[in-house]
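Chains U and L, in that order, give the protein sequences.
For the first sequence, the positions run 1 to 259 when the numbering used here is used.
For the second sequence, the positions run 1 to 435 when the numbering used here is used.
A portion of the hints provided could be inaccurate.
[Stated by the list, open to error] Restricting the straight-line Cα-Cα distance to at most 16 angstroms, the calculated cross-link-like pairs of lysine to aspartate or glutamate (EDC-like) are:
id	chain 1	residue 1	chain 2	residue 2
1	L	LYS212	L	GLU58
2	L	LYS398	U	GLU76
3	U	LYS186	U	GLU132
4	U	LYS163	U	GLU194
5	U	LYS54	L	ASP384
6	L	LYS398	U	GLU73
7	U	LYS79	L	GLU400
[As the list claims (entries may be wrong)] Here are the simulated distance ranges between beta carbons:
id	chain 1	residue 1	chain 2	residue 2	range
8	U	THR58	L	LYS341	56 to 62 angstroms
9	L	ILE386	U	GLN59	36 to 42 angstroms
10	U	LYS7	L	GLU209	56 to 62 angstroms
11	L	GLY87	U	GLU5	58 to 64 angstroms
12	U	GLU190	L	LEU366	56 to 62 angstroms
13	L	HIS337	U	PRO37	57 to 63 angstroms
14	L	GLU209	U	GLU110	32 to 38 angstroms
15	U	MET1	L	ASP84	41 to 47 angstroms
16	L	ASP384	U	GLU129	29 to 35 angstroms
17	U	PRO37	L	ASP370	47 to 53 angstroms
Honestly, the hints are just simulated from the structure, not real lab data.
Note that this is a predicted model, so its numbers are computed, not measured.
For each residue, glycine too, the CB sits at the ideal point set by N, CA and C.
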Amino acid sequence: MATLEIKDLHVEIDGKEILKGVNLSISTNEVHAIMGPNGTGKSTLASAIMGHPKYEVTQGEVLLDGENVLEMEVDERAKAGLFLAMQYPSEIAGVTNADFLRSAINARREEGDEISLMKFIRELDKTMEFLEMPEEMGQRYLNEGFSGGEKKRNEILQLMMIKPTFAILDEIDSGLDIDALKVVSKGINEMRGEGFGCLMITHYQRLLNYITPDHVHVMMQGKVVKSGGAELAQRLEADGYDWIKQELGIEEETVEAEA
Amino acid sequence: MTVETKLALSAEEVRSFSQSNNEPAWFADFRADALAKAAELALPTPDKTNITKWNFTEFPKHTVESAAYASLDSLPAEVAALIDVEGQQNLYIQRNNTPAFSKVSEELKAKGVIFTDIQTAVREHSDLVQKYFMTTAVKVDEHKLAAYHAALVNGGVFVYVPRNVIVEEPLQVVFVNDDTEASLFNHVLVVAEESSSVTYVETYVSTIEESKGLANIIAEVVVKDNAQVVFGAVDVLAKGFTTYVNRRANIARDGKIEWALGLMNDSDTISENISHLIGDGSVADTKTVVVGRGTQKQNFTTEVRHWGKNSDGQILKHGVMKDGAQSIFNGIGKIEHGATKANAEQESRVLMLSDKARGDANPILLIDEDDVTAGHAASVGRVDPIQLYYLMSRGISKAEAERLVIHGFLAPVVTNLPIEGVKKQLTEVIERKVR
Numbered sequence: 001m002a003t004l005e006i007k008d009l010h011v012e013i014d015g016k017e018i019l020k021g022v023n024l025s026i027s028t029n030e031v032h033a034i035m036g037p038n039g040t041g042k043s044t045l046a047s048a049i050m051g052h053p054k055y056e057v058t059q060g061e062v063l064l065d066g067e068n069v070l071e072m073e074v075d076e077r078a079k080a081g082l083f084l085a086m087q088y089p090s091e092i093a094g095v096t097n098a099d100f101l102r103s104a105i106n107a108r109r110e111e112g113d114e115i116s117l118m119k120f121i122r123e124l125d126k127t128m129e130f131l132e133m134p135e136e137m138g139q140r141y142l143n144e145g146f147s148g149g150e151k152k153r154n155e156i157l158q159l160m161m162i163k164p165t166f167a168i169l170d171e172i173d174s175g176l177d178i179d180a181l182k183v184v185s186k187g188i189n190e191m192r193g194e195g196f197g198c199l200m201i202t203h204y205q206r207l208l209n210y211i212t213p214d215h216v217h218v219m220m221q222g223k224v225v226k227s228g229g230a231e232l233a234q235r236l237e238a239d240g241y242d243w244i245k246q247e248l249g250i251e252e253e254t255v256e257a258e259a
Numbered sequence: 001m002t003v004e005t006k007l008a009l010s011a012e013e014v015r016s017f018s019q020s021n022n023e024p025a026w027f028a029d030f031r032a033d034a035l036a037k038a039a040e041l042a043l044p045t046p047d048k049t050n051i052t053k054w055n056f057t058e059f060p061k062h063t064v065e066s067a068a069y070a071s072l073d074s075l076p077a078e079v080a081a082l083i084d085v086e087g088q089q090n091l092y093i094q095r096n097n098t099p100a101f102s103k104v105s106e107e108l109k110a111k112g113v114i115f116t117d118i119q120t121a122v123r124e125h126s127d128l129v130q131k132y133f134m135t136t137a138v139k140v141d142e143h144k145l146a147a148y149h150a151a152l153v154n155g156g157v158f159v160y161v162p163r164n165v166i167v168e169e170p171l172q173v174v175f176v177n178d179d180t181e182a183s184l185f186n187h188v189l190v191v192a193e194e195s196s197s198v199t200y201v202e203t204y205v206s207t208i209e210e211s212k213g214l215a216n217i218i219a220e221v222v223v224k225d226n227a228q229v230v231f232g233a234v235d236v237l238a239k240g241f242t243t244y245v246n247r248r249a250n251i252a253r254d255g256k257i258e259w260a261l262g263l264m265n266d267s268d269t270i271s272e273n274i275s276h277l278i279g280d281g282s283v284a285d286t287k288t289v290v291v292g293r294g295t296q297k298q299n300f301t302t303e304v305r306h307w308g309k310n311s312d313g314q315i316l317k318h319g320v321m322k323d324g325a326q327s328i329f330n331g332i333g334k335i336e337h338g339a340t341k342a343n344a345e346q347e348s349r350v351l352m353l354s355d356k357a358r359g360d361a362n363p364i365l366l367i368d369e370d371d372v373t374a375g376h377a378a379s380v381g382r383v384d385p386i387q388l389y390y391l392m393s394r395g396i397s398k399a400e401a402e403r404l405v406i407h408g409f410l411a412p413v414v415t416n417l418p419i420e421g422v423k424k425q426l427t428e429v430i431e432r433k434v435r
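Could you build the full structure based on these sequences and the hints that come with them?
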């Protein structure tokens, strides 16, 4: 079993503090959902863990099996087992989806032990079929001209090909129609198991109808303010966030308002 | 024959060179006349680069003698890598100034296609050459360098494709430079008659570290009604050359030219690529990629000029600048009065890999007609840190991520080159230059 522990994480962007002491622990074989209204720091958490260049960690640590990933370069974090499905994946012209994926897989392997082209193609074809992606998407340039739904599906394709220990999914459901949402969920559910832990960030409860979380956390004002099981998500769906705010004496949930 | 001089040749020397090549009288006169013009005419004035102090006239030798290649087995490795020795049916190799190997399929000969060195063409296809040589696309009296080129032409290729003839396989040309004293006044003339189609791919490859010579290169492409020409070029000339390279096409009604130019010289270079869309419905698709390094100074002008109605011009230019290299990228879409419904699009992007490098994307739209569409995009910047972050977040190292982004940025020309060996070589040259 592997664990990802976030301890007292404080993060700034352009000198403004967004995360104000986040604590969270995730193990493999678990799916966690982070919910919360807009502007409460959810996506900042995802980006800071992965090492986005614009976010500055000012305090705290993120431990992957006891090792602080915050001291690693972005690619080292990935090789240590982290994966972030991004809300807005970059478009890279001139680099085909397939070439990129093969580079990503080989980056994890020793020189001389690269994945054989045949094996790679077999696996790629199989996974694309599973995600109902047309074959030509392998030869298209990475995310270039992809629709929103295609980009999200492509993130899940990468997830399934790379097989990380921990995946963070940043609003993987935003802007998806129901068919695409079903496919994306199918991919994530396929990954669930002994060697895989997942942190899903969303502000729509709908995603959780397709992927049942083991733990649900609510973020407000740059902190995790409430945690529970799947039933917490259902209560949020029924009653919204106001009862939590009342319970904790929070008037305005966003980071900006509190600062 | 070898003419040794430190300065420009005299009229007598030019005539004597012409005679030694058994050129027809009209060509000897043409050379002598051009030489007189060269003395008077001014240099061209590429926008934003002052070339008045560049040496375009002095060279160690006008022509050097090189041995021909007895067979393809005797090619140097850099050249052999470009060629599919078994598969390539139509091939011309020039070594410095010497026609060194030539192969044309019987099928093309039977169809009346001419694919030969320019010296032979002037002798054996005198009328055709006279009709098109610097009469249609590039004019001899445009400026000093055009006239000087005309006077001193010492190599090149003539391609003639008769009406309705479709040349399926690409014609491949390799200009090998392995003599430090060689100067290249190569003239390439491609004439595609009505409804014909041809793909021509040339490579300039220096196997020497540094040259003392000049390169004054002109390629003219005449695209007749409804004809299609794909013109691919990869230039990898050594540093030390002063290079002027002018590639120009005239496109008649419903004709189409596609340029795929990988301009990878290590020399100071002035490159001009102009497509004149003369006929209605004519099309020019221009793709250029460039890598500058060291202390190179370069100027790349790409222009599509619209005269015909419904003509369509596309310009794509991507440049990578490293070390202390300086480059100007002029992209010009010009729509003349009367060219209604013309469409002029261009995209110029420069990627800077060093603080000391300079790159200037200079998009220009000149429109003298109301009923047209036009657009341009230009940018100069560094490798996007967010793109690097995205790639690195998948485990790819920073160096490899940068490599992927740069190769992707230069891919538009690589993917458009129709000969596998040339494609591979361009990829390798890019790899070597950006490292």
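Subject >> Hints the structure fails to honour >> reply: 9 and 15
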